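Colleague: Between the sequences and the hints, there should be enough to build the whole structure, so can you do that?
Just so you know, the sequences run in chain order Z and A. Numbering (the numbering used here) for the first sequence: 52 to 110. Numbering (the numbering used here) for the second sequence: 3 to 315.
You can trust all of the hints, since none of them are fake.
Computed footprint of chain A on chain Z, listed as stretches where at least three residues anywhere in the stretch have a Cβ under 8 Å from a Cβ of chain A:
id, stretch
1, 76–84
2, 94–101
EDC-like mimics (lysine to aspartate or glutamate), calculated; alpha carbons at most 16 Å apart, straight line:
id, chain 1, residue 1, chain 2, residue 2
3, A, K95, A, D80
4, A, K95, A, D21
5, Z, K73, A, E18
6, A, K95, A, E18
7, Z, K73, A, D21
8, A, K215, A, E201
Hints were generated in silico from the structure; no laboratory data involved. Since the structure is predicted, the reported quantities are computational estimates derived from the model, not experimental observations. For every residue, glycine included, the Cβ atom is placed at its ideal position computed from N, Cα and C.
Residues per chain, in single letters:
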Amino acid sequence: MTPEAQGNGQENGIVLTPAQQKSRRRRNIAIGLAVGFFVLLFYVVTIAKLGPGVLNRPL
Amino acid sequence: MTFISESNLTSASIAEPRDYIALLKPRVMSLVIFTAFAGMLIAPSHVNPIVGFASLLAIAVGAGASGALNMWYDADIDAIMKRTRTRPIPVGKVTAQEALAFGLTLSVLSVFTLGVVANWLAAGMLAFTIFFYVVIYTMWLKRSTPQNIVIGGAAGAFPPMVGYAAATGEIGLSSLVLFAIIFIWTPPHFWALALVKSEEYGRAGIPMMPNVKGASRTRLEILLYTLILAPIGVVPWLMGFASIVYGCLAIVLGAAMVAFAARVYHIRNGKGADRCAINLFAFSILYLFLLFAEIVVERLLPFAGGTLAWLIR
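Modeller: As C-alpha cells, this is what we get:
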C-alpha cells in the first residue's frame, strides 16, 4: 500500500465504485424483502394450518 | 468507507436483483405455476388457499432454481447462441459460481418449504424434478443425444404431478394424464424451433434432431408425436375430470395442431418451410395454454360463482 493511500484512509483494500455500491444496495434490499416475505409466509401458513383452534387452548 | 479485498477485485459484483430474477427463467416459471395450479385443481381434495399459494410458490421457486443451475452449467453454450447470449452469465453480470450458489440455495429452500407446507411426497417429487432437469437433462442428455428434449421433457411435465401431490399427498391417474400431455407435447414444440435454429444449435454443439438425423426425419417425428398428442389431449374429458367443453376444445385444438404439423411435414423448402415451423411452434404454445386454462377456469368457476352469490346476498 502506498503512503498516499494510507494517508487517505484506504487501509487494506479498494473502494467500491459507485455502480458497485448501488447494485450491492439494491441486492441487499431485495434479499431483505425476500427474507421478510419468507418469514411472513411461514407465519401465515402456520396460522392457516393450525386453524382457529390455535386461540382456543387452556392457559 | 467500503472496502473489498484486493484478491476479490474482479468479483465485485454489479449484478442487479433483476439479473438474479432473469436466472430463474421467469417465463418458464409462469408456465410451471400455471400447470402445477391445474394439477392442484384437479385434485379431489380441498386445499386451503394459503397452503395452496405457498405450495405453488415453492414449486415455482424450485423451477426457477433449476433454471439458475441450468444457466450455470450451460454458460459456455449460452454465450454462443443468439437466443441465450444476453443471459446474465454470458454478459458478465453474474458469475457462474454466483449462479450455482443461488440455484443450490433456492433448490434446498423450495424443497424444504414444500415439504413443511404441503407434504414430503410433493417435496420429494420437486427435488426429483430439479435433479432430472439439471443432472439428467442439462448435464447429460442435452449434449449427448438428439433424444435430449424427448426424455428431458419429463422435467417440464412433472409440475402438474407435483401440484396434485401437494394437494392430496399421492400420485393420481389424472395427474399422470396431465404429465403425458406435456411430455408428448414437448418434442414437436421444441423440434419446430430447432428446424429453424438448427444452424445455431449446430454451432453450439448441441445434438438436436435436425442436426443429427436431418430435417426430413425431424418433420416425420414432429408429425408422429402430434398424432399421438391430439388424442391424449382429449383423455381428461374421457376420464371425467374435465367437462365436455374441454373435450370439444381439445378435439378442435388437436386437429389444428395436426394440421400445422402436417404443413411442416409437407412444406420442406424455402421461407415457407421456416414459416410453417414457426407457426407450429407458436401454435403449440397456444395449444397447451388453452387446454390448461380451460381446466383452471372450469374448476375455478364454481368458486367465482359462490363468491359472487355471497357478495350480492
